[in-house]
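Chemist: Spelled out from the first residue to the last, the chains are:
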Amino acid sequence: MEIPVMVGAGLVVIGVGMGIGRIGGSAMEAIGRQPDAYGKIQTAMLIAAALVEGIGFAALFAV
Amino acid sequence: MLYMLKKVNAIALYMFAFFLTSIPSLAKEIQPGKDLKTEIKNYISHHLEDAHDFSLFSFKNNLGKHVYVGIPLPVILWDDGLKVFSSYKLKHGESIVKKGSSFYKLEHGKIYKTDSKGMINYDKNNHPTNKLPVDLSITKGVVSMLIIAFLMFFLFASLAKSYKENHGIPKGIGRFFEPIVLYIRDEIARPNIGEKKYSYYMNFLLTVFFFIWFLNLLGLTPLGVNVTGNIAVTFGLALLTFLVTNLTGTKTYWFHILDPLGSSMKWYSKIPLYIILIPIELLGIFIKPFSLLIRLYANMQAGHIVLMSLIGLMFIFKSWLGSSLSFGLAFAISIIELLVALLQAYIFTMLSALYFGFAAEDHEHH
Amino acid sequence: MEKLISEFSLGLFFWQLAIFIGLLLLLRKFAWKPILNAVNEREASIKNALDSAQEARTQLENLQSENQRLLKEARKEKEILIKEALKTKNQIIGDAKKEAQNETEKILSQAQETIQSEKRAALKELKNQVGSIAIDIAEKVINKELENKDKQINLINDLLKETDFK
Chain L
1 MEIPVMVGAG LVVIGVGMGI GRIGGSAMEA IGRQPDAYGK IQTAMLIAAA LVEGIGFAAL
61 FAV
Chain Y
1001 MLYMLKKVNA IALYMFAFFL TSIPSLAKEI QPGKDLKTEI KNYISHHLED AHDFSLFSFK
1061 NNLGKHVYVG IPLPVILWDD GLKVFSSYKL KHGESIVKKG SSFYKLEHGK IYKTDSKGMI
1121 NYDKNNHPTN KLPVDLSITK GVVSMLIIAF LMFFLFASLA KSYKENHGIP KGIGRFFEPI
1181 VLYIRDEIAR PNIGEKKYSY YMNFLLTVFF FIWFLNLLGL TPLGVNVTGN IAVTFGLALL
1241 TFLVTNLTGT KTYWFHILDP LGSSMKWYSK IPLYIILIPI ELLGIFIKPF SLLIRLYANM
1301 QAGHIVLMSL IGLMFIFKSW LGSSLSFGLA FAISIIELLV ALLQAYIFTM LSALYFGFAA
1361 EDHEHH
Chain G
2001 MEKLISEFSL GLFFWQLAIF IGLLLLLRKF AWKPILNAVN EREASIKNAL DSAQEARTQL
2061 ENLQSENQRL LKEARKEKEI LIKEALKTKN QIIGDAKKEA QNETEKILSQ AQETIQSEKR
2121 AALKELKNQV GSIAIDIAEK VINKELENKD KQINLINDLL KETDFK
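Residue numbers (our numbering), protein chains in the order written: chain L, 1 to 63; chain Y, 1001 to 1366; chain G, 2001 to 2166.
Quick caveat, the hints were computed from the structure, so don't treat them as lab data. Note that the structure is predicted; figures quoted are calculated from it, not measured. Quick reminder that beta carbons are idealized off the backbone N, C-alpha and C, glycines included. The reader is advised that the hints may include incorrect statements.
Said to hold, decoys possible - In silico lysine-lysine, DSSO-like type, Cα no more than 27 Å apart, as pairs:
(1) Y:Lys1164 - G:Lys2047
(2) Y:Lys1110 - Y:Lys1083
(3) Y:Lys1171 - Y:Lys1131
(4) Y:Lys1196 - G:Lys2087
(5) G:Lys2003 - Y:Lys1124
(6) Y:Lys1041 - G:Lys2003
(7) Y:Lys1131 - Y:Lys1113
(8) Y:Lys1164 - G:Lys2072
(9) Y:Lys1037 - Y:Lys1091
(10) Y:Lys1124 - Y:Lys1065
(11) G:Lys2087 - G:Lys2072
(12) Y:Lys1197 - L:Lys40
(13) Y:Lys1161 - G:Lys2047
(14) Y:Lys1117 - Y:Lys1098
(15) G:Lys2140 - G:Lys2124
(16) G:Lys2033 - G:Lys2047
(17) G:Lys2047 - Y:Lys1171
(18) L:Lys40 - Y:Lys1196
(19) G:Lys2033 - Y:Lys1164
(20) Y:Lys1197 - G:Lys2124
(21) Y:Lys1098 - Y:Lys1083
(22) Y:Lys1113 - Y:Lys1099
(23) Y:Lys1110 - Y:Lys1098
(24) G:Lys2003 - Y:Lys1113
(25) G:Lys2089 - G:Lys2106
(26) G:Lys2033 - Y:Lys1196
(27) G:Lys2098 - G:Lys2087
(28) Y:Lys1171 - G:Lys2033
(29) Y:Lys1131 - G:Lys2003
(30) G:Lys2087 - Y:Lys1037
Said to hold, decoys possible - Ranges of calculated distance between the beta carbons of each label pair, as one might list FRET restraints:
(31) G:Arg2028 - Y:Gly1172: 33 to 43 Å
(32) Y:Leu1338 - L:Ala44: 21 to 31 Å
(33) G:Leu2050 - Y:Trp1267: 45 to 55 Å
(34) G:Ser2006 - Y:Gly1100: 25 to 35 Å
(35) Y:Ile1336 - L:Gly15: 18 to 28 Å
Modelling step: build the complete structure from the supplied sequences, incorporating the hints.
Modeler: In structure tokens:
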């Protein structure tokens, strides 16, 4: 039985969503722990989220 | 300043006059009879694509036919010589344009070369097989970019001038943009590229940031332009980032790619690893800008699709509850899109700066 | 992916590159360079002003501490001077006292010596005078006593009795 590509893309999007959620959550925690390092944490968070997001796009455009 | 205002007024007046004269000439009909959902779907997909004229709005006339109102733009084709004509002649794909000895017809947003009857031949995948001339038309997207380019030029040139006139303190709208310029310098360029070399990249980073941001914001206006959500534009931007990264790459940068492990291992034990590692590193050179172009494109495209779908839902529901709900949602999404417009410009600039930082790395690695 | 490639428009790509690069070059000349230069200049001037203010403050502080130091030194010197003066005064007074005492003692001892010698001389004279007076008196007494013969013989006898011959 063949799994439709759409389902695969959906799965990838779920994974990416969880990943970005974790990145955001961890960043919030880190900011809570060290409010002074806000700028650095935000930058790192955005970069990591952007990289994860890229995987999501790759899956979406494979459809 | 007064001089500038006069100039802007003159441009606005000219555009308004152009707009008025173009209204009657652009009335155009399309075939009715499709249901609302397909119409909205077509409308959205039409909006997402580039267009050969600057359409402002359309309505149904008394006969139930669609009338398009907009500004015709020049079509420039390279097909055995330069061919220029107004997009008005294409009539949204309704008529065939004869130029020289060739005939051209608009089909699904592209201009094809046809025979005298305007026949478009399709293959079994429903793709047209007609010849495509090289299309260098001034399309809606190009006009939007030109508008943004002029806006940016006047904005920042006047900001630069106000420094001279006001002893190093900005005046007027420059007070709003100066902190952003400083933010890009101090928070994006300096930490990522390094104190020594960041100034070489500042021109590119500033231009790319404001270009993307302004275009994103223009995409949120009811003008209905979708420039940064177009793959050709984001490809161009990412290509420039790619070129700047690799053309300014130092010896250290290429060492990192071609010899990522450095002297931490003996050369013979590195060989099996490098069979896998070096292709990945080389691929990474292209994947980095590719992710840039896909990210910007997909975010803007997705934002436009969601917004337009929600607006379309208002007309599908046709009830007080459903329509007002989708209006509220569309409003909320618009506000989020305002943030996304800034965020995507920031991320593009930020990641470009990061890649430049890799390229500009100068110290010896171990 | 296919959709992306079919959507790709060469014209838009060309114009995008042309507009962007043109904009980049124009902005570099007319906007970014002057803006960044002006901002850098302003920052440098602010930094200079802050630096010079800091320098002035440190100079002032130095001056103040110098003043303080000088004042302290002066006070110390004054104290030393006063102390020395006191010491000198005491010394002078002490010396004077001692000298005065010495002088007094000397004068006293001289006086005493003079008194002694005077006394001695007086005593000598007195002795001499008393001797001569006693002799005179004794002469007269003897003269008177020895007028009668019996009495002379009696006396001689008495004297002889008293004398012890051995």
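Chemist: Each hint should be assessed against the structure and marked as holding or not.
Modeler: Hint by hint, here is what the structure shows:
1. Y:Lys1164 - G:Lys2047: Answer holds: Lys1164 (chain Y) to Lys2047 (chain G) is near 20 Å, not above 27 Å.
2. Y:Lys1110 - Y:Lys1083: holds, 16 Å
3. Y:Lys1171 - Y:Lys1131: violated, 54 Å
4. Y:Lys1196 - G:Lys2087: violated, 72 Å
5. G:Lys2003 - Y:Lys1124: holds, 17 Å
6. Y:Lys1041 - G:Lys2003: holds, 16 Å
7. Y:Lys1131 - Y:Lys1113: Satisfied, since the Cα-Cα distance of roughly 5 Å is no more than 27 Å.
8. Y:Lys1164 - G:Lys2072: violated, 54 Å
9. Y:Lys1037 - Y:Lys1091: Between Lys1037 (chain Y) and Lys1091 (chain Y) the Cα gap is close to 24 Å, so the pair holds against 27 Å.
10. Y:Lys1124 - Y:Lys1065: violated, 32 Å
11. G:Lys2087 - G:Lys2072: OK: Lys2087 (chain G) and Lys2072 (chain G) at ~22 Å, within 27 Å.
12. Y:Lys1197 - L:Lys40: With Cα atoms ~20 Å apart, Lys1197 (chain Y) and Lys40 (chain L) stay inside 27 Å; holds.
13. Y:Lys1161 - G:Lys2047: holds, 23 Å
14. Y:Lys1117 - Y:Lys1098: Holds, at about 11 Å.
15. G:Lys2140 - G:Lys2124: holds, 24 Å
16. G:Lys2033 - G:Lys2047: holds, 21 Å
17. G:Lys2047 - Y:Lys1171: The hint holds at about 22 Å.
18. L:Lys40 - Y:Lys1196: holds, 20 Å
19. G:Lys2033 - Y:Lys1164: holds, 12 Å
20. Y:Lys1197 - G:Lys2124: Answer violated: Lys1197 (chain Y) to Lys2124 (chain G) is near 128 Å, above 27 Å.
21. Y:Lys1098 - Y:Lys1083: holds, 10 Å
22. Y:Lys1113 - Y:Lys1099: Holds, because 11 Å separates the two Cα atoms, which is no more than 27 Å.
23. Y:Lys1110 - Y:Lys1098: Between Lys1110 (chain Y) and Lys1098 (chain Y) the Cα gap is close to 16 Å, so the pair holds against 27 Å.
24. G:Lys2003 - Y:Lys1113: Roughly 22 Å separates the two Cα atoms, so the pair holds.
25. G:Lys2089 - G:Lys2106: Holds, at roughly 25 Å.
26. G:Lys2033 - Y:Lys1196: holds, 17 Å
27. G:Lys2098 - G:Lys2087: holds, 16 Å
28. Y:Lys1171 - G:Lys2033: holds, 17 Å
29. Y:Lys1131 - G:Lys2003: holds, 19 Å
30. G:Lys2087 - Y:Lys1037: Since the Cα atoms of Lys2087 (chain G) and Lys1037 (chain Y) sit roughly 117 Å apart, the hinted pair is violated (cutoff 27 Å).
31. G:Arg2028 - Y:Gly1172: 33 to 43 Å: Since the Cβ atoms of Arg2028 (chain G) and Gly1172 (chain Y) sit about 22 Å apart, the hinted range of 33 to 43 Å is violated.
32. Y:Leu1338 - L:Ala44: 21 to 31 Å: Because 25 Å falls inside the window, the suggested range holds.
33. G:Leu2050 - Y:Trp1267: 45 to 55 Å: This hint holds: roughly 54 Å between Cβ atoms.
34. G:Ser2006 - Y:Gly1100: 25 to 35 Å: holds, 27 Å
35. Y:Ile1336 - L:Gly15: 18 to 28 Å: holds, 23 Å
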